[in-house]
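Build the full structure now, drawing on both the sequences and the hints.
There are 6 protein chains.
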Amino acid sequence: MFMHNKRLQYTVRVAEPNPVLASLMLEQFGGPDGELAAAMRYFTQGLAEEDPGRKDLLLDIATEELSHLEVIGSIVAMLNKGVKAHISEGDMEEAELYLSLTQGGSSHTQAILYGGGPALTNSAGVPWTAAYVDSRGDPSCDLRSNIAAESRAKIVYERLINLTDDAGIQDALKFLMTREVAHQKSFEKALYAIEDNFPPGKLPGVPEYASMYVNASQGEGDMRGPWNDGPEWDRVDDLQQVLPADDGDGTPSVALDAEDMAALTQLAERTRSDPSSNPTTGADLAAGPGAGRTKSEIENA
Amino acid sequence: MFMHNKRLQYTVRVAEPNPVLASLMLEQFGGPDGELAAAMRYFTQGLAEEDPGRKDLLLDIATEELSHLEVIGSIVAMLNKGVKAHISEGDMEEAELYLSLTQGGSSHTQAILYGGGPALTNSAGVPWTAAYVDSRGDPSCDLRSNIAAESRAKIVYERLINLTDDAGIQDALKFLMTREVAHQKSFEKALYAIEDNFPPGKLPGVPEYASMYVNASQGEGDMRGPWNDGPEWDRVDDLQQVLPADDGDGTPSVALDAEDMAALTQLAERTRSDPSSNPTTGADLAAGPGAGRTKSEIENA
Amino acid sequence: MFMHNKRLQYTVRVAEPNPVLASLMLEQFGGPDGELAAAMRYFTQGLAEEDPGRKDLLLDIATEELSHLEVIGSIVAMLNKGVKAHISEGDMEEAELYLSLTQGGSSHTQAILYGGGPALTNSAGVPWTAAYVDSRGDPSCDLRSNIAAESRAKIVYERLINLTDDAGIQDALKFLMTREVAHQKSFEKALYAIEDNFPPGKLPGVPEYASMYVNASQGEGDMRGPWNDGPEWDRVDDLQQVLPADDGDGTPSVALDAEDMAALTQLAERTRSDPSSNPTTGADLAAGPGAGRTKSEIENA
Amino acid sequence: MFMHNKRLQYTVRVAEPNPVLASLMLEQFGGPDGELAAAMRYFTQGLAEEDPGRKDLLLDIATEELSHLEVIGSIVAMLNKGVKAHISEGDMEEAELYLSLTQGGSSHTQAILYGGGPALTNSAGVPWTAAYVDSRGDPSCDLRSNIAAESRAKIVYERLINLTDDAGIQDALKFLMTREVAHQKSFEKALYAIEDNFPPGKLPGVPEYASMYVNASQGEGDMRGPWNDGPEWDRVDDLQQVLPADDGDGTPSVALDAEDMAALTQLAERTRSDPSSNPTTGADLAAGPGAGRTKSEIENA
Amino acid sequence: MFMHNKRLQYTVRVAEPNPVLASLMLEQFGGPDGELAAAMRYFTQGLAEEDPGRKDLLLDIATEELSHLEVIGSIVAMLNKGVKAHISEGDMEEAELYLSLTQGGSSHTQAILYGGGPALTNSAGVPWTAAYVDSRGDPSCDLRSNIAAESRAKIVYERLINLTDDAGIQDALKFLMTREVAHQKSFEKALYAIEDNFPPGKLPGVPEYASMYVNASQGEGDMRGPWNDGPEWDRVDDLQQVLPADDGDGTPSVALDAEDMAALTQLAERTRSDPSSNPTTGADLAAGPGAGRTKSEIENA
Amino acid sequence: MFMHNKRLQYTVRVAEPNPVLASLMLEQFGGPDGELAAAMRYFTQGLAEEDPGRKDLLLDIATEELSHLEVIGSIVAMLNKGVKAHISEGDMEEAELYLSLTQGGSSHTQAILYGGGPALTNSAGVPWTAAYVDSRGDPSCDLRSNIAAESRAKIVYERLINLTDDAGIQDALKFLMTREVAHQKSFEKALYAIEDNFPPGKLPGVPEYASMYVNASQGEGDMRGPWNDGPEWDRVDDLQQVLPADDGDGTPSVALDAEDMAALTQLAERTRSDPSSNPTTGADLAAGPGAGRTKSEIENA
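Residue numbers (the UniProt record's numbering), protein chains in the order written: chain A, 1 to 301; chain B, 1 to 301; chain C, 1 to 301; chain D, 1 to 301; chain E, 1 to 301; chain F, 1 to 301.
Hints in this document: simulated from the structure, not taken from any laboratory. Be a bit skeptical, because a hint or two may be false.
All copies of an identical chain are treated as equivalent in the list; a pair is satisfied when it fits inside any one copy or across any two copies.
In silico SDA-like links for lysine to any residue, alpha-carbon gap of 25 Å or less [claimed, not checked]:
1. 6 <-> 166
2. 6 <-> 259
3. 55 <-> 221
4. 6 <-> 196
5. 6 <-> 241
6. 174 <-> 255
7. 6 <-> 235
8. 174 <-> 278
9. 6 <-> 92
Structure representation (structure tokens):
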């Protein structure tokens with residue numbers, strides 16, 4: 001069960017309203033690496049987790065991320081306080097209000113549609129979607145997803161810090177950014193506290209394909225490094241070797257019964273293309289300058 | 001530039017058509033951990049990458065994932081070959097065709113809308129979205145995202161293998177699953193070939209918040225482990241300490257100019273709620289049995 | 001700031017696993033009227049609210065809805081416990097596992113993609129989207145939206161109760177359903193505690209259009225009732241009166257400068273259709289049996 | 001069956017083209033509270049409604065909303081008339097055209113992708129989705145949703161009016177805004193013309209939970225009002241009372257058979273975390289300045 | 001302005017309720033080729049069209065498609081009439097109701113969430129999105145899009161007809177299917193009534209690239225036909241010729257100023273990968289059976 | 001199987017970085033008519049195609065479109081090279097960086113979220129969705145969809161060319177635009193190489209409805225042209241004739257069994273509206289100035 005105290009986890013001090021900056025900050029409120037995505041990622045994992053230690057960890061961090069959602073949302077609310085009042089009260093010259101909302105970001109939508117409240121969108125106004133939540137119910141991949149998610153959140157906070165010179169906002173963003181670093185460390189510990197965590201899951205790989213490196217992009221710029229070279233790797237430079245990688249002929253097949261085969265044959269015949277034709281086409285009828293055939297060519301055909 | 005050979009990277013041999021199984025397989029065609037997501041994740045990273053080694057790696061694997069998209073899509077096409085023919089030719093009893101498409105999965109939609117072709121949806125019929133692609137343009141987080149994505153793809157293949165007894169499909173899925181393991185290994189090498197890859201990005205964290213663990217979920221089930229306990233961690237069990245974590249008062253504030261303040265005051269006054277009222281409400285007017293107040297109570301009020 | 005206790009707000013006792021029923025329950029976890037939508041609707045409103053009473057109310061209920069999200073998510077996790085184990089361990093006959101996941105709902109996707117954890121999707125597997133959150137930053141419409149949302153959530157719980165005979169699940173659903181009724185009552189009180197809450201917002205309507213009822217759908221089945229008849233209404237049965245409703249000519253116009261007009265004229269001329277032509281079309285070229293013109297007619301044209 | 005007359009329901013007179021303003025107006029064309037959402041909300045309800053009076057009402061207003069969609073779409077088309085011509089004819093300096101489309105809103109996308117036609121997106125360019133339509137097939141909640149939707153639409157029109165000084169546009173927006181007020185009044189009448197409309201639906205609530213108010217957000221700022229205080233309410237300030245609210249232990253449980261239990265035990269064992277370990281992690285390997293452990297500490301571990 | 005008559009454009013006679021079939025029919029109500037997509041495609045084009053003939057055509061067909069939306073929605077409402085009543089009244093055994101809703105399609109979601117009303121989703125329950133509407137504001141491509149859309153709608157109706165043996169539904173579907181054929185013919189006429197409709201738009205192509213056919217997919221199965229062979233085509237079989245197609249070196253470049261170059265160099269250096277390293281990775285630490293390196297190898301490294 | 005060479009199909013030379021222009025170019029990277037949509041449209045069709053000639057054609061063009069995706073993505077990467085470096089290195093004044101990202105388009109989101117890499121969004125920042133891919137598994141409609149898609153892509157390239165004066169970008173865009181023209185020609189040939197391609201699919205239309213033109217939009221502006229007039233058409237101007245078009249009564253009906261009928265009757269009775277009532281409503285309670293009834297009127301009622 002959740003409980004709440006109206007004090008924030010970190011004090012928010014904003015120097016002055018700025019609806020455009022507010023709309024940029026939304027990236028960490030309703031964006032793919034924002035705090036709702038973080039909270040929901042860990043919360044959904046925590047509910048289904050069997051291991052008591054990981055369950056506790058996931059619920060601890062999920063809960064803290066909700067508190068971070070509140071901090072970043074409060075920054076947005078402060079930055080929008082002026083525009084919220086003016087668009088509600090209609091007490092400003094229309095042209096002036098219009099100008100204040102067309103300075104960039106998605107500030108116009110934030111004011112018109114969301115009335116200056118923090119909206120669960122990213123900085124372009126795209127609504128948050130649970131497609132951002134990549135919980136899969138297996139700790140050896142979920143913990144890796146969490147590590148990656150924390151690193152992405154850290155970077156986005158870093159970019160926002162690089163964008164604003166409001167000291168109070170910078171302080172709060174640095175707090176939030178650092179907490180992502182701490183969370184990443186916790187998830188790293190939890191991953192490596194599982195004895196056999198690689199490969200993820202249970203099924204072993206097929207040995208002959210587990211060390212193969214397919215050099216599928218060739219030409220100038222082909223490089224070697226520890227990721228494709230050395231004793232760990234069977235590097236395939238001649239792509240004919242994997243065309244196919246097994247000993248078959250590289251074609252797809254399915255065994256059809258007579259009824260299916262009859263229908264398929266009928267379909268194929270009905271929609272057969274005639275490779276030896278040269279039909280007049282709609283484009284031929286219509287072709288203006290620049291097309292392959294001129295109208296007179298068509299007319300004289 | 002891309003080139004293509006019509007042979008597959010792995011031979012696909014399907015024992016018999018099964019449109020329901022086809023719809024489950026779509027999870028790795030158009031699902032969040034499927035091959036299109038993988039290819040696009042690495043491709044978008046590769047185009048903007050400055051480091052020549054990583055660029056080559058990303059384009060190698062992006063290209064191979066496109067070949068995997070072709071393998072899994074070919075499995076789907078084979079499994080759907082019968083239903084595609086029958087729904088096109090209309091040569092089967094309606095009731096029989098209807099039954100064959102209501103056996104589960106999203107087979108009905110795959111047949112009616114996509115005509116039995118492999119569709120870029122997941123197994124529930126949800127269209128693929130680029131919201132699945134978490135490329136952020138920083139190698140210290142993108143490589144972690146790639147590691148996590150490969151581990152998720154591995155697990156989903158494992159689950160599909162656990163679901164089908166068609167030996168040819170199992171073979172192809174095991175090949176694809178194993179390639180994810182190999183790719184994960186490559187991305188791990190590339191991550192650790194960057195000297196300072198943790199914390200991700202460039203900005204250091206704020207020291208006092210980098211080792212703090214907030215025990216935000218308490219009560220029975222509270223656990224200790226290397227993720228929240230030991231000399232690396234400053235564990236906060238008394239949540240009053242982080243209410244707020246800084247030395248402020250935990251409230252949000254913004255400095256408003258006179259014009260903004262006037263509008264805000266007007267707004268607040270206009271929409272003020274009267275805490276001492278006990279207004280009759282729409283629900284009171286309408287309350288049937290089961291509501292807090294009865295109609296006679298309202299009428300007699 | 002949020003805090004959490006690992007005990008639930010209501011005890012969840014599930015009689016036996018059932019992944020199909022689990023997928024139906026998701027409607028209230030990640031569906032449009034589910035608990036995440038509720039929590040986020042009130043939370044986003046609360047952060048930007050100026051009135052202290054409403055702010056407290058919104059944060060109280062937002063917090064409780066998160067606890068409800070945990071209850072319904074725990075029901076889903078319990079119902080999925082068997083399938084989660086089997087699809088992870090691969091210890092069941094493939095065919096048997098396959099059958100257990102194709103019994104309806106979106107159980108197949110829940111197992112393959114989400115591994116049996118509670119997923120933020122609705123019962124069809126559609127990911128939750130913030131498009132469900134209709135917070136607009138004005139209390140006279142937000143409170144009405146909240147009243148409506150609570151009534152929708154109540155109905156969906158009622159339907160789920162009608163669908164399951166598991167007594168433990170029914171108990172928990174009845175608790176959750178009743179809490180929506182209580183929340184609706186609170187929001188009703190808060191709406192009517194604002195003195196002038198109708199029309200919503202600040203601007204008055206244009207008097208001559210505020211009592212007009214346009215009988216736009218006519219024919220058999222035309223009805224009268226308090227919504228369109230009586231002294232409050234100016235009923236328009238003769239639609240010519242509102243074609244247009246003002247004294248203009250009902251056409252759209254814009255004043256263009258010379259440069260715009262020149263470009264527009266050029267565009268109109270370039271793409272002009274010739275109403276007096278009877279062109280041969282692509283369809284004419286291709287028309288098979290069933291089309292309006294036969295091939296011979298086209299050939300002889 | 002629908003019929004159409006090419007005259008608008010309200011005459012549209014636009015003073016001059018302005019593609020940025022056009023993109024803001026889209027909020028009521030393809031936004032969540034726009035006219036398509038309104039029309040589709042009532043139309044889908046009307047088709048399934050059993051009560052003849054409500055069916056007629058819903059079809060009347062659905063039809064009128066389509067006419068409003070036409071009015072707002074015509075405003076957009078007029079505002080875009082210049083840019084549509086220039087981007088099609090390519091008769092303007094590239095740099096000048098570029099500048100005209102980067103003045104804010106989503107005007108660039110409206111011109112490049114939609115060619116200046118009215119697009120079914122909101123003002124940020126987000127495509128309309130039926131996720132906005134909250135029809136649930138029960139009149140006691142659908143009518144409340146309609147009341148709320150009309151109040152939201154009214155507010156968004158009010159904000160657009162506050163943003164533009166074009167008198168002709170203002171007139172049309174005021175007409176549309178007022179019609180929402182009139183529609184809200186009709187839906188209110190229809191709701192209260194159902195005798196027992198509260199609680200919505202049929203099932204009564206559980207009496208002991210219907211009047212409970214859970215003060216889940218505490219601390220400074222805790223308030224009392226008619227929504228949580230007084231004889232109608234059982235207010236819970238000590239949250240231990242609802243941890244859980246029933247007489248159970250607040251934990252989730254499910255009865256598993258032996259086969260499920262065996263698989264679950266195996267899964268739990270396989271993925272067990274070792275709370276007494278202190279594993280070296282990937283982050284430890286990689287930690288640069290700012291991380292908890294230094295490299296030398298790891299190397300010497 | 002739109003008007004409505006409560007009679008349908010085609011009489012709907014349904015033999016018996018069937019919620020699963022209802023959910024399949026939704027493909028043409030709220031699916032990508034359904035009637036709402038059609039109506040909105042033509043309506044948005046019509047509002048911005050300059051040519052009076054095309055404008056009239058587009059509004060005629062847009063209006064008729066709305067009437068078709070009503071017909072297909074009425075079929076859905078009839079098929080759902082039983083389940084709507086039972087899930088609302090709760091008068092059926094839970095288990096029986098549960099079974100009736102897990103027979104396939106998205107019938108469970110249609111009942112639980114939408115209460116048996118016609119929902120704007122496709123047959124998998126995916127909400128309609130304006131992403132389906134491909135209006136671009138240029139008649140030479142919009143009319144081609146309309147032709148294609150009508151042909152897709154025709155096919156989907158054909159498939160639905162092949163799936164049901166209810167004679168009344170078949171009749172209505174055949175009417176709707178045939179109307180799509182008629183609409184396609186109208187759009188074909190309108191396309192070819194524009195004199196220069198190919199290439200679409202205004203700019204001519206670059207002559208040397210307009211007749212080039214790039215044989216990008218090679219190997220067994222390479223074919224010739226009128227689409228890539230003959231005097232109209234410059235066929236490129238040796239892909240080296242188009243690597244690149246111009247006379248450059250096929251690499252991307254941008255001129256950076258000194259400040260940009262300095263930052264880029266710093267970034268590249270900071271995130272440089274060391275190709276000569278062979279770092280121990282997270283996967284190495286964790287590798288269980290099946291990974292490339294064994295634990296003992298790592299420990300002894 | 002796919003292979004890749006790091007040289008581009010067309011050399012990309014960008015004059016100077018410009019993140020705003022970069023965000024506009026995304027329309028053809030991750031927009032609805034962009035190169036990913038094209039590649040995936042043809043690739044999904046190709047995998048399921050039975051006809052060897054069309055299969056080859058579809059895979060040829062799908063592969064080439066992937067190469068185009070690489071060209072347009074490389075343009076974006078070049079245009080973003082400066083901002084990517086500065087937002088990563090944090091070496092620019094915050095205010096200066098902020099200004100550079102609020103000049104229009106979705107440049108702010110591209111930098112903050114995607115770090116300057118090419119993102120699979122359109123120019124408004126909307127993520128790519130497979131809802132853009134309209135493959136239906138029938139060549140007579142898929143080829144028409146492909147023709148339409150190529151024409152749309154051509155137009156969008158034309159508009160982008162009209163927007164930029166960077167000669168290197170213009171060159172590359174003209175190459176890409178022209179290739180769409182060539183592809184359209186190929187698809188036209190392939191369509192007309194199918195003997196009976198109209199009507200699409202297999203089922204003939206119902207003769208009496210195949211030539212009917214319903215003049216559903218009337219009033220001033222009604223026009224005649226080859227699309228609705230002449231011997232091919234049965235034009236319906238008197239809409240009573242199609243109310244309904246068949247010989248029924250235009251109402252929907254379904255045969256219900258006794259159990260369904262009983263439940264429906266109960267539902268209808270329970271939710272009956274009373275047309276003769278004039279209930280006091282929530283709006284009446286709350287009506288401020290501008291509403292139909294004043295408070296005193298309500299109180300005195």
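For each hint, the structure was consulted:
1. For a Cα distance limit of 25 Å, the shortest separation of residue 6 from residue 166 inside one copy, 24 Å, qualifies, whereas the shortest one across copies, 38 Å, does not.
2. In the homo-oligomer, the alpha carbons of residue 6 and residue 259 never lie at most 25 Å apart, since the shortest distance is 69 Å inside one protomer and 28 Å across protomers.
3. For the homomeric pair residue 55 and residue 221, the shortest alpha-carbon distance between copies (8 Å) is at most 25 Å, but the shortest distance inside one copy (46 Å) is not.
4. Proximity of residue 6 and residue 196 under a CA criterion of 25 Å is satisfied in neither setting, with 43 Å inside one chain copy and 28 Å between copies.
5. With identical chains, the CA atoms of residue 6 and residue 241 are at most 25 Å apart between copies only, with a shortest distance of 15 Å across copies and 64 Å within one.
6. Taking identical chains as interchangeable, the C-alpha atoms of residue 174 and residue 255 lie at most 25 Å apart only when they sit on different chains, with a minimum of 21 Å there against 61 Å within one chain.
7. In this assembly of identical chains, the alpha carbons of residue 6 and residue 235 lie at most 25 Å apart only when taken from different copies (18 Å versus 58 Å within one copy).
8. In the homo-oligomer, the alpha carbons of residue 174 and residue 278 never lie at most 25 Å apart, since the shortest distance is 67 Å inside one protomer and 28 Å across protomers.
9. Taking identical chains as interchangeable, the C-alpha atoms of residue 6 and residue 92 are never at most 25 Å apart, the minima being 32 Å within one chain and 37 Å between chains.
Hints 2, 4, 8 and 9 from the earlier list are contradicted by this structure; the remaining hints agree with it.
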